[in-house]
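Since the structure of chain A is already known, use the hints to place chain B on it.
Chains as they are written, first to last, in this note's numbering: chain A, 1 to 325; chain B, 1 to 410.
Be a bit skeptical, because a hint or two may be false.
Computed from the model, here is a short list of chain B residues facing chain A with C-beta under 8 Å [said to hold, decoys possible]: (1) K152; (2) T169; (3) G187; (4) N216; (5) M217.
Hint data in this document are derived by calculation from the structure and do not stem from the laboratory. Each residue gets a CB set at the ideal place from its N, CA and C atoms; glycine is no exception.
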Amino acid sequence: MAQMNLLQAINNALDTVMAENDRAVCFGEDVGHFGGVFRATSGLQDKYGKNRCFNTPLVEQGVIGFANGLAAQGSTPIAEIQFADYIFPAFDQIVNESAKFRYRSGNEFDVGKLTIRTPYGGGIAGGLYHSQSPEAYFAHTPGLKVVVPRNPYQAKGLLLASIRDDNPVVFFEPKRLYRASVGEVPEEDYQLPLGKAEVVQQGSDITLLAWGAQMEIVEKAAELASADDISCEIIDLRTILPWDIETVANSVTKTGRFVVSQEAPLTAGFASEIAATIQQECFLHLEAPIARVCGMDTPYPLALEKEYVADHLKIYEAIKNSMTY
Amino acid sequence: MFDVTLSFKVNKKEKAMNTDIYNESPVVHQPAFIDGHSVEIPILKILKQDGSIYENAIMPEIDQELATKTYKTLAFHRVLDERMVAAQRQGRISFYMAALGEEAASVGGAAGLKDQDMIMAQYREQGALMFRGFSLENFMNQMFSNEQDLGKGRQMPIHYGSNELNYMTISSPLGTQIPQAAGYAYGQKMQGLDAVTICYFGEGAASEGDFHAGLNMAAVHQSPVIFFCRNNGYAISTPSDEQYMGNGIASRGVGYGMKTLRIDGNDILAVIAAVQLAREYAVKEGKPVLIEAMSYRLGAHSTSDDPSGYRTREEEAKWQEHDPILRMKNWMLAQGWWDEAQETTLFEKLRDEVLAAVKVSEKIDKPPVEDLITDVYDQAPPLLQSQFEQLKEHIKKYPDAYPFTAGRIK
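One chain only, chain B, in its complex shape:
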C-alpha cells in the first residue's frame, strides 16, 4: 500500500523541469540535428539457451514452486496451441491463434505479477490466463462457443475473459486496451489498492493512435500500468521494418517520459525480472513503465494465414534455436528441478487431457436464444424485447432452418 495523496502530487523538481527544460539544454549556434536513433537502449538477458545464467546476472525472485508452475504453464500452452491448430484444420473450430515461440512473454508476465493485478491483453496472451488458472474446460467452451462459455458464445475463439481471474475480456480492435489500461490503473491507484494493470500489445498495434493516447494519458495522469510490448517481428505479414523507423517501441517510452526497459522476450527469467521490477516501481511510485520484449512469432498470425508467403524457412529456423520453452527446460534440468521422465509424463498427460476436453466441449449445446439479447444493456429495452418475441415466433414457424434453437424456445 502506498500513500495515495502523496503519490498523486507532482514532484516539485519535475514540475520545474517541465517549464524550464529548454533553458537547461545545451545551447548551440549552428543548426544541427540530433539523431533519430540517439537513445541507446540496452537489452536485458539473464538466461542462455543452454540453461546457464549470464555472468553477473541478477536473478528474479523465483523458487522451485514458482519455476515449476511457470514451466508447466508453458508446457500446457504449447500443447493446447498445437492441438487447437490441428482442431481448426480438422474443421472442429473456426479459428485459432497460437503463440508459438513467444510464450514466455505472457506466462512470464503473469508469473511476475500478483493475482490482484489486472491483465489487459491483446489476444495472443492466453499464457497469462493459463498461469492464473483458467481451466482447460473454460478454454474449450470459449473456443467452441457453447452455452458454458463465460462469454456466452459471442466472440470468435481465443477472445477469453474472466472477472474472477482479473483477465479483461479480449476485444478484436487493436490497441483499444491501451488507454483503457491507463484508466483502469488510475482507478486502482485512486482506491489505494496494492494492484497494477499490465497491458499487452504487439509492435504492430503500437502504430495505432490508441497506443500514443494511452501511453501519454498514463504518463500524465500517473497510472500504475506496465505497458508490455511483444515485439515479435510481424503484424500478420508486415515485418517490423515496415512498421516503424525508430529504435523499436522502447524508444517511444522515453518520448512519453516513462521508465522503459527492453528485454529478451524469449528469456523467461528476464521477463519475470522485468515485470517484478516494473510492478514494484509502478506500485511504489504510482507511475507507468514500458517493457519491450524482443521475440519472434514462429507460428502464423492465425489459422487464417500462411507465413510461407512472406518469409523464409531459413529465417524461421534461426528463431527455432531460441525456443523459450526449451530454454527454460534446460535451466530447470540444470537446477535439478525437472527431469526427462517428468517431461515425457507431463506432455503425454496434457495431450490426452486436451483431446478429451475437445470431445466434451464440442458436444455441449450452443447458447440459448435468449443470449442474443441479454447484456446489450443491463436490461433489454422494450423495442429489443419485441424484436425478440418476433424472432421466437419466426423460429417456431421455420424450425428446420434454426436447428440449434428451435427445440429450446421457451
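Next up, chain A with everything else stripped away, as it sits in the complex:
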C-alpha cells in the first residue's frame, strides 16, 4: 500500500474514475493545467486532455449550472468550488436545481452523476472567508447527499462512492488535513459506503461524534479522558445527509452519554439536528444532557481563531461535565 496525503488520495480517486469512465469530467477555477489551488487535480489535464479537465471562468453559479446540465445529459461531472466559503453564488443551482432535478421531473431527468468537491473548514489562519463549514445549509435540502472524509483512506473510498452514487453529492474536503494527514491508501479501486457512520474506537462510558477534520480533535480529547479512566466510544459520521441514525443511537443506548462536536457555529448546525434525534431515540438511556461542542455564533475569526474553535480541551471539558452530571 502507498503512503498518501489527503490531496494525493483525492487525486488518485479522480484519476481512477477518469480512467474507467471517459465521460467523467473535472473542472472548476484553476483546476486545469495548474491542477487546482490545492493541486487536487494535478496532472489530470495532461493525462486526459483539456476537454475533460479544464479551467472555468470565475463564476461559481456557472460552474454548478454547467455541471447540472452535463449530469442531466448523462456525463459524470466532478465540479470543484475552490473554497466552500465561495459556494454561495451557486447555492440556487445546488439547492433549487441539483437537489430537485429528479423529483420535479417525476424521474424523467436527473443529475445523479453530479459530484461537487469543495475544501472546507478552519485551522489554517484563513479568516472568515477561507474557513467556513457550511454543511448544515446543504443538509437542510432533501435530494442532496453530503459527505465529509476524515483522512486519506476515507477520502479516496468515499469520493469514489460519491462519484458513482446515483444522487448529487456535495463532498466537503477538510483542507487543514490536505497535506497534514498522511496514511496508507490502496492504489486499487475501492469504495466506502455512503450513509454509514463508522465506530473508530470502541468504548463504554460516553459516545463522541464528529466528522471530517474535527475527528482528530475529538480523538485528542478522548486521549485526555482516557487518562482519567473515561472510556470513549468515537464515531465518525462520514455522511451528513442522509445520516446514520442507527449506529449513533446504538452507541448512545450503550454508553448513555453523548458529546457531538462540529467546527461550524452552534446555532442550527448539524450537531443540533443530531442532538434532537438522539434525544428522541435514546431518551430513557441518557444519563446526562447531550452536549454540543461547536464553533461560536460569530463569523469565523482570524487573530482569535484559537479561542474560537471547538478544540480538544473544550471537548474534554464537555466529556467530564457529562460524566459528573
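Just chain B now, with coordinates in the frame of chain A:
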C-alpha cells in the same frame, strides 16, 4: 457529425487575438468614450403581415409538410391557451400561462431543429413541446396534477417535461436553465453527437446572474447551444426599458464573443431561418449562438395578473396587428397550402378535443401517496421511509382529512 478533437481546439488566430487585441486597437491620445449603443444590430424579417415575402429575402428550408405541421401546431397552441385560461377562470385548474402573440418563437424554434436536439425552455415555450408531439392528454394530465402526469403531480401547471421528446422539465427559478444548457451541449459535443441544445429565456431572465454565467461558460467552453431570447417587452409588469439600458439582449452576445442575430419574433419564417442557420453553425463549429426574437406578450404574464394595471389598450391593439399566427395563415393561403374551410374545420376540431380532454383529465385520481417520497433520491433513505410510515398511520387515523389518499393506502 463533426470531428470532436478538432472542434475543441482553439483557433490559433483567435488565441493570438485574445492576448494581442489591445495592441491591434486604434490608439488615441485624448480620452473619449465609445458609445454604449455603438453596435448596430440589424433585424431579420422575411414574412410580411399580409403573407407576402420581403424582396430579396432568403427563405428557410420549408416544404408544405413542415409548413402545415407548423401551422397546425400554432393553431393547437392558440386553442389550448384560450381554453385553459378559461378553465382556470372556472376554477378547474390553479394556474396557467398563455403565450398569446408570441407563439412563433417556440413553435418556429422546434421547427428549425431536429428531434434529437435538447430543448431547455423557461416556461412559456409549450409550443416547442407541442411541435415535438406531446399529446393533449399529457398536457392535460400535467395541468390537473393527476396520477398520469409524467411529473407525478409535483409542479404547478405548465411545468412540462419529457425525456422521450428531449424537452427538459421546466423549473420555476428564472434563468437556471441557461448555464445548464451550456453544460448539456458540452456533453452532446463530447459524445460527438449530431445534436445541439436550444435554451429559451425572456429578456427579464437575461438580468439574472445565470444568464451571464451561462453565456460566458458556453462561449469559453465552446458548447453548441442556441440561446434564444424571447424579448416580449415585459417581465410580469416591468417593461423592458426598466429592465436594461443596452441595445436589447443581442448586444450582450457581442460582449461574450458570440455569433448573434436579432429577428422579428412574430415572423415564423424568420424564426425558422434563424434557428436553422444557428443549428448548422453550432454543430459545424461547435460553438454557441445568441438569437434575440423581438415580440410582444399580448396576454397576461399568467392567470395571476392583469395587464390593464400596467399598460394601455392602445399599446396592445398595436401589437394585435402583428399576430404571428394570422401572418403565417396569410402566407399559407397565398401558397395555396391552406384554405378557409380547412381553417374552420381545424379550429372547431381542436376546441372540441380540448374540452373533451379537460373532462377526462380532471376526473383522474391524484397521484398515490407513495409519490411523496419517490425520486427525492434514487432510493428513499431510512429516515424518509420511517417518516412515510408515520404519515400513513396518521392518514389512517384521520381519513376524512385526507380524502385523496385515505382509501388508497397500501
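Hint check:
1. Checking K152/B against chain A: minimum C-beta separation of about 4 Å stays under 8 Å; hint holds.
2. For T169/B, the shortest C-beta to C-beta distance to chain A is roughly 4 Å, which falls under 8 Å, so the interface hint holds.
3. This hint holds: G187/B has a C-beta 3 Å from the nearest C-beta of chain A, less than the 8 Å allowed.
4. The interface hint given for N216/B holds, since its Cβ lies 5 Å from the closest Cβ of chain A, which is under the 8 Å cut-off.
5. Taking 8 Å as the C-beta contact cut-off toward chain A, the hint placing M217/B at the interface holds, the least distance being around 5 Å.
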